[in-house]
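Listed here are the chains, written in short residue letters.
There are 2 protein chains.
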Amino acid sequence: MHIRKTRLLTPGPTPLYPPALHAMMAADIHHRTQDFVAVYKAVVADLKEVMGTSWDVVPLACSGTGAMEASVSNFFRKGDRVVVLSAGKFGERWVQITQAYGLEPVVLSAEYGQAVPADRVVEELTKPGVRGVFLQASETSTGVMHDVEAIGRAAADTEAIVVVDAITGLGTMPLEIEGWGLDIVIGGSQKAFMIPPGLAFMSISPKAWKHEETSDLPHYYFSIRKEAANAAKGQSNYTPSTALLLSLAEALRYMKSLGMDKFIENAQLLAKATRAAVSELGLKLFAPDNPGAAVTAVRAPEGMDSGVIVKGFRDRFGAIIANGQGSMKGKIFRIAHLGYFDFPDLFAVIAELELILASQGVPVEYGKGVAAVQRVYAEAAG
Amino acid sequence: MHIRKTRLLTPGPTPLYPPALHAMMAADIHHRTQDFVAVYKAVVADLKEVMGTSWDVVPLACSGTGAMEASVSNFFRKGDRVVVLSAGKFGERWVQITQAYGLEPVVLSAEYGQAVPADRVVEELTKPGVRGVFLQASETSTGVMHDVEAIGRAAADTEAIVVVDAITGLGTMPLEIEGWGLDIVIGGSQKAFMIPPGLAFMSISPKAWKHEETSDLPHYYFSIRKEAANAAKGQSNYTPSTALLLSLAEALRYMKSLGMDKFIENAQLLAKATRAAVSELGLKLFAPDNPGAAVTAVRAPEGMDSGVIVKGFRDRFGAIIANGQGSMKGKIFRIAHLGYFDFPDLFAVIAELELILASQGVPVEYGKGVAAVQRVYAEAAG
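Listed in order, the protein sequences are those of chains A and B.
So for the first sequence, the numbering used here puts the first residue at 30; every next one is plus one.
So for the second sequence, the numbering used here puts the first residue at 30; every next one is plus one.
Just so you know, the hints here were simulated from the structure itself, not pulled from any lab data.
There could be a bad hint or two in this list.
Same chains, same label: a pair holds when it works inside one copy or across any pair of copies.
[As the list claims (entries may be wrong)] Simulated crosslink set (PhoX-like; lysine-lysine; CA at most 25 Å straight-line):
1) K291 <-> K340
2) K291 <-> K34
3) K285 <-> K70
4) K77 <-> K397
5) K34 <-> K285
So that you can see chain A by itself, here it is in the shape it has in the complex (with noise of 0.2 Å):
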């Protein structure tokens, strides 16, 4: 065996911003400390700026899915009717998280690769008693894109708050959290923020606080009132992720510096590349409608388990790109853009593709994948 370096091209965990890894070492710090209190409130300043909104945004220590159960058991009561977007594995998440908390969610389907078309969102909210819209911005399982902006909009003049979960939508797509009346939105460390997997965080409008005034679902680690008043202090209700919020402090310097509609579009040009190149190789994509910058599903050629793709990337290449989930295991592979990726990663990463599917006795011409992704690049670099 050669030299093969470890590559992480999957939409979460995503590639670490080097001295945001590096600002981990910096961890023996106690969390009850003046020190720390300048840490925490700089990453809550700098998550407002990066997520382009003055109202609450609280830092939490778990993953996604942990700020997706407390915008649930905070802001809502027991049998409260809200519209569940499903479009893919995270939608079925929403699913479940409400029931499990005794909400009655209507569940607004999308067949997997495909949106929920917004104006279904618009109609069901126009009956009385809906109090809640839980959507994801990007579904990562598929790679489609909702039409946030509309659903927002429409949710305005309502009763329902809308709560998006923007785990791999922040920084792969514009989110006008105020503008659009986006009440609650969640995001994750490991996706566009470019640190490790342990870290969420979610920004809260006042409506979501009248909301939160009459909760009556059981909590207690997901206090986010309680969060909110201490994350004004430089503090967290119990014990902070030291390491990860020195790191995260770390990345949100650097997504300042190049300015978030760059960091958007990088993730877009990258996308863009990716389907252009796909499209050379005659591979199809897995929701051509509706795609989203955040990973790009790719379907196997006719007849080819994805994994063998899979396969192909980690054995040649060391190289871990993400399989389907679910019902979409085998069928699809998804090549991910969001965080820290750059063309030359692209290049790599479609020229792999390129051999691996030349292995398998697909007829592919050398480079011509490439040669796709390199003109996407010369269009944009000028």
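Please build the complex by placing chain B on the supplied structure of chain A, with the hints as guidance.
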């Protein structure tokens, strides 16, 4: 500006092997403890194993040039007649060091891009009173390789010891230290060993130790006999570079796990693929006759300063590649293969090169050079 990862593509420093980088974090260790003695002994034993010799090997806290100086100041006498092969900037350094210590070098020069033919050295060795031969296994400034075996074998029956600057030769070409009679072989940490600069090492033959006994040149920090005696006890003469030795220990474990034959073949395959790619793009090699596998020097297209290409790599892609040195500056650029490089690195580098050339108006078919790399990969991987 979008995300642009910094990538080191120079023939030293080379990209760091991550576990070796992380091993430096354990450097809060005292160097005169049994814990560190164990590290030092392991490093010396593993260096011998990867260099393929049972002769003495000593690590030195200096750059490669320090070890080059030590090979002069410890093993020769004032006025010694020595043969120096000079085929580039590092050959010139041998001339300077031997002169600085009052040796009398007979300089056998080759034009930049050419090797010094072994038969010229052999002929010189037939003359009486030659006490040493100094050469580069691989001349990093031009990418050319010398016929180390022929020179080593020719000197075996003479009074001359063979001193090989293998700083970029180790890990990129076979070097049979004992079989070919390579009396002193010098390596450096920031080359194929995949760790930062700051450490050099040297193997010493019994014949070289005989020379050492009669050496009359001044030295203090570089006292190789004392260093070898201490190394046998897991100690260094003066304070060792603990962080780098911990790092080297980790890198050596990795090199052993791959096997030196595979490790060398890795660089050779990347060099072969690079030559194929640049030829495909219509560029000319600077050392077409005896190309080494440490680095490939490529001529800029007619009428273009190679600095434009170096700058293109840096500004467009954050990639650091080497310009020519001295009078070669502006004429060539150099792509490194030694150490922690793999094929995905090269897929990206060649795609970048194509885009840089195209941006300068050079007619380039995107993906054509990459395809040449892919063909070399596919042939090797089967």
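Results for each hint:
no.	hint	verdict
1	K291 <-> K340	between (33 Å within a copy, 22 Å between copies)
2	K291 <-> K34	between (28 Å within a copy, 15 Å between copies)
3	K285 <-> K70	within (16 Å within a copy, 47 Å between copies)
4	K77 <-> K397	neither (42 Å within a copy, 45 Å between copies)
5	K34 <-> K285	between (29 Å within a copy, 16 Å between copies)
Taken one by one, the earlier hints fail for this structure only at number 4.
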